[in-house]
Amino acid sequence: MSNANDWTESWMNSQQNYWKAWADLAQRGMKAPEAPKNPLADGLAQWWQTVSPMAPPTGRDVFDKLMDVSKGYFSLAERFMSGAQAKPDGGMEAINGWLDGMQKTWGDWSKMGSAFKPESMFQPNQFKGLTTFWDLPMDTWNRLAANVMPMPGDYTHAFQQNGAQPMQDQINKFLSVPAVGYSRESQEQYQILAQRQMDYMAATQAYQMAFGKLGMESTKGFQTALQERVKEGKPISSLRELYDQWVEMSEAAYAEFVMTEEYQTLYGRLVNTLLALKQQMARMVDQTLEAMHMPTHAEISTLQCRQQELRRDNLKMHKELKAIQAQLEAMRQSMLQMQAAPKASAQAEEPAPAKSAAPKAAAPKVVAPKAAAPKAAAKPTAAKPAAKPAAKAK
Amino acid sequence: MMPFDMRPDAVMQELTSYGQKLSHGMKNLMEVGEISTGVTPKTVVYQEDKLTLFRFNPSAEKVQNKVPLLIVYALVNRPYMADIQENRSTIKALMDAGQDVYLVDWGYPDRADRYLTLDDYINGYLDRCVDVIRERHRIDKINILGICQGGTFSLCYSALHPDKVKNLVTMVTPVDFQTPDNMLSHWVQQVDADLVVDTLGNVPGEMLNWTFLNLKPYQLMGQKYLGLLDTLDDPEALKNFLRMEKWIFDSPDQAGEAFRQFIKDFYQQNKLLKGGLEIGDPVSLKNVSMPVLNVFAEQDHLVPPDASRAMRGKLGTKDYTELSFPGGHIGIYVSGKAQKTVPPAIGKWLDERS
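From first to last, the protein sequence lines are chains B and P.
Quick note: the first sequence uses the numbering used here, first residue 1, plus one each step.
Quick note: the second sequence uses the numbering used here, first residue 395, plus one each step.
Hints listed in this document are in silico derivations from the structure and should not be mistaken for laboratory results.
Think of the CB as a built atom: it goes at the ideal place given N, C-alpha and C, for glycine as much as any other residue.
Hints are not guaranteed to be accurate.
[Unchecked claim] Okay, derived cross-link-like pairs now, BS3-like style, lysine-lysine, Cα gap no bigger than 25 Å in a straight line:
hint : chain 1 : residue 1 : chain 2 : residue 2
1    : B       : K71       : P       : K535
2    : P       : K535      : B       : K322
3    : P       : K460      : P       : K734
4    : B       : K65       : P       : K421
5    : P       : K734      : B       : K319
[To be verified] So the derived label-pair ranges between C-beta atoms look like this:
hint : chain 1 : residue 1 : chain 2 : residue 2 : range
6    : B       : E329      : P       : G707      : 39 to 47 Å
7    : P       : K712      : B       : K322      : 33 to 41 Å
8    : P       : L717      : B       : D199      : 42 to 50 Å
Chain B on its own, in the form it takes in the complex:
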């Protein structure tokens, strides 16, 4: 623990010294020496790399996320400050240039179509920080997609690298060849797999492109919000305020976009194509397992289904049996009461022979269960359990 404290203290001190030097230079109106491109974000990443092994499991995930967000935040600061350094008076020209640059990047993202490589957005100095921020929904989706795939790691990501276009061309050629010969069925399965892979790639690309358009809308909203602030005389006075304003405008643009029919289709396609791809992979894995005489996923699924049906039937019968037992117990109690009633009545009447007609009058009540007995006897299954619950109850 003391080690971790030492590290954090030394990192903090180095940061303070670093910024103090920069601040001194800025205050003296001197041009600061050439600095690394992303000194803050990189420094933060290095610090976390050093201290994270010492972090306890509790809260480790949270700090990982905080670090990711912090890197984006520091990159935003660096972008902004480099603009401010170029125009120390904070002129509108620098701000507009910054925003226009963002617009252009989003425009490229949304217009370049299949030839565009999304990962180029995340190269150094390509508005790093802002794109990290915008990538949040897609990043979590990619992690999810990797998790549900039967292949280890982010299998789909391999298709999105620089070689994506040549890969697609090859797949198209492959798909155009008719499946023939002894391995026809196997070829068909691979063709289906390839087709589904392409469908998923197309859906992913469409989804990302839509986010490019959304980025443009968001930047426009941000510009409008800045103009409003000027009118209201409430300029942004801190990085945090800048970030919060950016989040607010992004969230507003996002909320509007995701309620459109367009997004509904994109979302449905993204989910459905991923699952269709996984389904085909699972089918092919099953074929391999079957060839090795091992239980397949489909077989286990069938067994699980049957087991659940049996269990459901069992519970239902158990419930019905319990109800029948309760009914029989109620009937037994009723019979005992009826049987006891004439005896009690007879005992009460015994000292007065003159009233001996009374039991006779009551007799039909006793007879009634007897009369019912043959009916029960006619149903042996009903008669037999009647004795058992009674025994259990005793």
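Following the hints, complete the assembly by docking chain P onto the known chain B.
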């Protein structure tokens, strides 16, 4: 005037302060220890498969309502949200309001549970829990409080078994699954639920997490963590944050068949409201004849208020009450204001009818 009034030295100072907070936060993180949740003492009274029925240990002098209250939570998250910490516990507040509280914990379904249907959950597990409580207390009817999806389940249960429910309370419960502001509903309309379940079997909790986080991605995946920075120097606030994080990402997988039916019948076809829903037997809201208290949150981004208000006029009961809370889907359980107002109001409403 310029839109920015940020001097470079001030920005540098801000960044330095950020670094200080991070490093101090790291120290606190090292010392944070175990994060406790589900704090109110309770006893297991029934278990079946992954399900556990708990009774919160009642304090003899506080229980004034002789009709026990069963809390039915959603399948999609863990129920300790209702008892997340001592000073933020809806359950404890309900006990303080004189209620004898039980809770259904559905557990974590695994692949062997993939074929559990809504019928199994509602007419099976839930009904058996209700019977256990009825037998324990030797009464015919109990009070039920359903939360979120658990509220929808409770409504269905009450419609199917009105003879076993004395009073029904629903909290942030969707009834109309297709209100225009329902983001989740809008998204799933073109999702092939059959493909999802046939392919995945059980639906992974991560998939649900992704969906929920995407309701407000920049706030929930970004801004929230920057907000944490302001409280990192407070160990208690850090613990609270970590406790909430634990809950948010503690999402059980969803039993495939139940998920399929929930998405198709409720979200895509809105059958609970429109009619035609069958869970073992036909479900008609007109059969909900017992008194109903409908509690909803005005800023709920998961279950919009209109989705809950749709209950009004659709039930068979003549005793229907609404309680609106000025907060969000989670705030209604954990905010200080909610603790002071919502459980006491529920307790009072139940006492008047039990």
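How the hints compare with the structure:
With a C-alpha separation of about 57 Å, the suggested pair K71 (chain B) and K535 (chain P) falls outside the 25 Å cut-off, and the hint is violated. For the proposed pair K535 (chain P) and K322 (chain B), the alpha carbon gap of about 19 Å is at most 25 Å, so the pair holds. Taken as a hint, the K460 (chain P) and K734 (chain P) pair is honoured in the structure, with Cα atoms around 23 Å apart against an allowance of 25 Å. Straight-line distance between C-alpha atoms of K65 (chain B) and K421 (chain P) comes to about 17 Å, which keeps the hinted pair within the 25 Å bound.
Annotation: proposed proximity of K734 (chain P) to K319 (chain B) is violated, straight-line Cα distance about 42 Å (limit 25 Å). The supplied range of 39 to 47 Å is met by E329 (chain B) and G707 (chain P), whose beta-carbon atoms lie about 44 Å from each other. Between K712 (chain P) and K322 (chain B) the Cβ separation comes to about 34 Å, which falls inside the hinted range of 33 to 41 Å. Between L717 (chain P) and D199 (chain B) the beta carbon distance is about 48 Å. The supplied range of 42 to 50 Å therefore holds.
When held up to the earlier numbered hints, the structure conflicts with 1, 5 and fits the remainder.
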